[in-house]
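Undergrad: Sequence:
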Amino acid sequence: MISNDILTQLNPQQLKAVTLPHVSALILAGAGSGKTRVLTTRVAWLIQTGQLSPHGVLAVTFTNKAAREMLTRISAMLTINTRGMWVGTFHGLCNRMLRMHYRDAGLPQTFQILDSQDQLAAVKRLLKSLNVDEERFAPRELQYFINANKEAGLRAARVQSYDEHSKRLTELYAEYDQQCRREGVVDFAELLLRSYELLERNEILRDHYRRRFSHILVDEFQDTSRLQYLWLKLLAGSDNVIFAVGDDDQAIYAFRGASAQNIFDFEREFASGSLIKLEQNYRSHAQILEAANALIHHNTKRLGKELWTDAGRGEPLRVHESVSDTDEAAFILQQVHNLRSEAVPLSEIALLYRSNAQSRVLEHALFTAGLPYRVYGGLRFFERQEIKHALAYLRLVANPEDDGAFARVLNVPARGVGNRTLEQLHSTSEQRAVSLWEVARSNPPTGRAGQGVIGFVRLIEGLRRDCLALSLPEVVALAIERSGLKHHYQLEPEGKERIENLEELINAAATFDVESDAPQRAALGTDQQPQDEPESDPRLRTLHDFLAHAALEAGEHQAVPGQQALQLMTVHSAKGLEFDAVFISGLEEGLFPHDNSLNQADGVEEERRLMYVALTRARRRLYLTHAQTRMLHGQTRYNIASRFLREIPEQLVQRSGARVPSAAQALGGYALPSGASRWRVGQDVLHPKFGPGVIVSVQGRGSDARVTVNFRRDGMRELALEYAKLVPA
DNA sequence: ATTAGTGGTGTTTTT
DNA sequence: CACCACTAAT
1 MISNDILTQL
11 NPQQLKAVTL
21 PHVSALILAG
31 AGSGKTRVLT
41 TRVAWLIQTG
51 QLSPHGVLAV
61 TFTNKAAREM
71 LTRISAMLTI
81 NTRGMWVGTF
91 HGLCNRMLRM
101 HYRDAGLPQT
111 FQILDSQDQL
121 AAVKRLLKSL
131 NVDEERFAPR
141 ELQYFINANK
151 EAGLRAARVQ
161 SYDEHSKRLT
171 ELYAEYDQQC
181 RREGVVDFAE
191 LLLRSYELLE
201 RNEILRDHYR
211 RRFSHILVDE
221 FQDTSRLQYL
231 WLKLLAGSDN
241 VIFAVGDDDQ
251 AIYAFRGASA
261 QNIFDFEREF
271 ASGSLIKLEQ
281 NYRSHAQILE
291 AANALIHHNT
301 KRLGKELWTD
311 AGRGEPLRVH
321 ESVSDTDEAA
331 FILQQVHNLR
341 SEAVPLSEIA
351 LLYRSNAQSR
361 VLEHALFTAG
371 LPYRVYGGLR
381 FFERQEIKHA
391 LAYLRLVANP
401 EDDGAFARVL
411 NVPARGVGNR
421 TLEQLHSTSE
431 QRAVSLWEVA
441 RSNPPTGRAG
451 QGVIGFVRLI
461 EGLRRDCLAL
471 SLPEVVALAI
481 ERSGLKHHYQ
491 LEPEGKERIE
501 NLEELINAAA
511 TFDVESDAPQ
521 RAALGTDQQP
531 QDEPESDPRL
541 RTLHDFLAHA
551 ALEAGEHQAV
561 PGQQALQLMT
571 VHSAKGLEFD
581 AVFISGLEEG
591 LFPHDNSLNQ
601 ADGVEEERRL
611 MYVALTRARR
621 RLYLTHAQTR
631 MLHGQTRYNI
641 ASRFLREIPE
651 QLVQRSGARV
661 PSAAQALGGY
671 ALPSGASRWR
681 VGQDVLHPKF
691 GPGVIVSVQG
701 RGSDARVTVN
711 FRRDGMRELA
721 LEYAKLVPA
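Residue 303 in the working numbering sits at position 303 of the first sequence, with consecutive numbering throughout.
No lab work stands behind these hints, which were simulated from the structure alone.
Mimicking SDA-like on lysine to any residue, the simulated pairs with C-alpha atoms at most 25 Å apart in a straight line are:
(1) K301 to E647
(2) K124 to V434
(3) K16 to G273
(4) K388 to N419
(5) K388 to S471
(6) K233 to P21
(7) K301 to L598
(8) K301 to S573
(9) K65 to Y376
(10) K301 to H572
(11) K128 to S166
(12) K233 to L107
(13) K16 to R37
(14) K301 to E279
(15) K277 to T309
(16) K496 to R360
(17) K167 to E141
(18) K388 to S116
(19) K486 to A449
(20) K124 to E171
(21) K233 to T36
(22) K124 to P413
(23) K65 to Q117
Pairwise CB distance ranges, derived in the manner of DEER restraints:
(24) P372 to T511: 17 to 27 Å
(25) R458 to G237: 44 to 54 Å
(26) S116 to E171: 18 to 28 Å
Every residue, glycine too, gets a C-beta built ideally from N, C-alpha and C.
Could you put together the complete structure from these sequences and hints?
TA: Rendered as structure tokens:
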């Protein structure tokens with residue numbers, strides 16, 4: 001039997017987890033311990049042994065990538081089709097549920113999803129319309145406040161506020177929700193909260209789904225938020241079982257509401273007695289694992305787990321110190337060349353960094369060297385300006401009441417309708433409690449700007465009319481063409497790439513038609529259960545699905561699979577992946593751990609877990625690099641090596657690079673009063689930009705001190721010591 | 001009333 | 001450096 005084949009390849013703990021009886025269970029699975037394998041084999045085993053039909057599977061993952069991976073692996077093990085299964089992200093599944101029951105959920109059929117950018121814009125619009133001082137209530141702060149409360153499962157009415165400030169924030173939260181309701185849009189957190197409330201209030205629906213999903217499987221459980229946990233509990237009821245897989249040491253999403261508390265609660269409420277630890281690592285050599293174990297031991301809040309391997313010791317970790325970020329990039333480039341000559345394929349090499357901004361320098365070096373690379377994350381396809389503009393037109397086709405979309409493109413491309421006019425429209429819409437669209441249509445302003453508004457209304461009306469007869473890619477093409485976006489970017493000198501992206505959007509629409517996840521929509525139809533009436537127009541429905549797809553899956557579209565390319569990404573997006581060789585760059589205080597994490601509760605512990613995730617991505621070789629100076633905010637910053645480097649035992653490490661005392665140390669000495677006479681004539685110095693040189697003269701003292709340096713490359717230069725970051729050489 | 005240009009400001013990580 | 005908001009010129 002096939003199932004035996006599958007099972008014989010498992011180690012005892014894995015086997016135990018896969019073949020657990022009908023109970024809820026918590027699988028604590030360390031990095032590289034075969035977590036996904038256990039999850040997918042569990043599903044396959046349950047189905048093959050007749051304990052479960054595909055229809056009864058609800059599997060939740062954290063990223064779209066992970067969801068796809070899971071589906072692929074299940075279908076590889078089974079011959080049945082996986083269509084009836086619900087596999088996806090929390091947001092994707094909630095979206096699916098809300099689309100099917102939009103009426104019961106109190107949403108318009110055409111509801112649109114706001115990504116974080118859209119949400120921030122909506123918040124700003126709200127603050128403006130209420131005349132709230134943005135100095136006192138920063139849009140970002142309000143956005144964070146709203147999301148944090150939603151992720152905790154709290155509507156504005158239930159938020160406890162004690163001081164004036166949070167009281168006002170809570171009021172604004174309520175106003176924001178009303179604005180969303182008026183405009184027929186939902187943000188990410190709202191998808192979850194709405195879906196939760198739907199199930200909570202609607203007993204029939206809740207029972208239906210409980211009867212249907214007898215097995216609920218959750219990947220990356222440590223990253224679930226309070227609300228997601230409540231959602232799962234609601235779906236599970238008392239009879240269904242939850243199979244949760246997670247690793248508390250890899251919890252890296254506290255900043256968006258994830259709470260490790262869920263693991264403890266889950267064990268108490270569901271899985272008492274069935275806790276299984278997977279600690280054998282199949283990925284990395286011993287020295288890498290020892291480094292990771294030693295690092296994570298510095299954390300206090302752990303369930304306790306120690307990875308081991310029976311693979312060899314492998315190589316020591318390589319720590320390299322550079323003088324500057326550009327030197328760091330050069331070092332990495334050189335090592336990549338070495339790796340290639342050792343026959344390591346480019347796609348098996350990853351360059352990791354803490355924040356997206358760090359990719360620039362690396363990309364520049366790679367580009368100049370002509371090495372193919374691929375950047376994951378960062379500014380994603382569907383987040384690009386031109387794409388957002390095009391999507392806004394499409395959103396207006398789907399739902400002209402969408403004020404956000406309306407305001408975004410009313411004057412893009414320019415139609416002579418400026419801010420003033422938009423404000424007028426806004427205030428009228430406020431007074432009459434109707435959408436911007438309604439105002440523009442029934443009561444357009446007069447004068448020159450009014451003509452522009454009328455033209456815009458005609459444009460949208462025409463699009464809406466003509467789109468009915470067209471396929472999705474044709475709709476997209478028509479919107480891009482007729483809106484004038486294409487023409488607009490043709491005129492821009494930098495517009496070429498934008499036009500290519502717009503064409504890519506048409507392609508995305510064309511392939512979406514085929515690969516659409518819409519077929520699964522029929523899933524509920526087979527039951528004689530509550531259903532919303534079929535949506536009126538299947539074409540419009542496809543458009544909604546496409547727009548939802550654009551918001552939920554912002555990016556993987558530029559992927560060029562199969563191509564040999566270096567992999568660049570943040571540590572966050574590297575989670576779940578593995579590579580032969582891994583570079584972790586920018587290991588400096590302030591960057592990794594990030595400055596902002598230092599004053600957050602348990603911030604450093606989360607950063608350390610992030611570092612743990614980064615370390616455990618590597619199979620054979622691991623480079624840890626840091627630089628003494630780095631361009632940040634357009635200024636050179638001086639950094640000292642990350643504390644995480646000190647937390648890795650020295651015997652596991654091989655060091656290379658700068659022997660020069662670090663600039664930050666030198667600077668530290670300079671900043672102290674005792675370091676007054678640090679600089680003397682004739683001294684060899686090093687400057688991050690001008691390179692090596694000799695001090696020719698010293699003028700002034702204290703903060704006015706200046707030196708004249710004869711640089712080897714650029715000759716004489718006078719530098720203010722306070723700003724010019726000189727290093728003794 | 002719109003646009004273009006300028007100065008001040010702020011920046012982690014992602015569905 | 002890049003984005004935004006405000007101000008001066010069309």
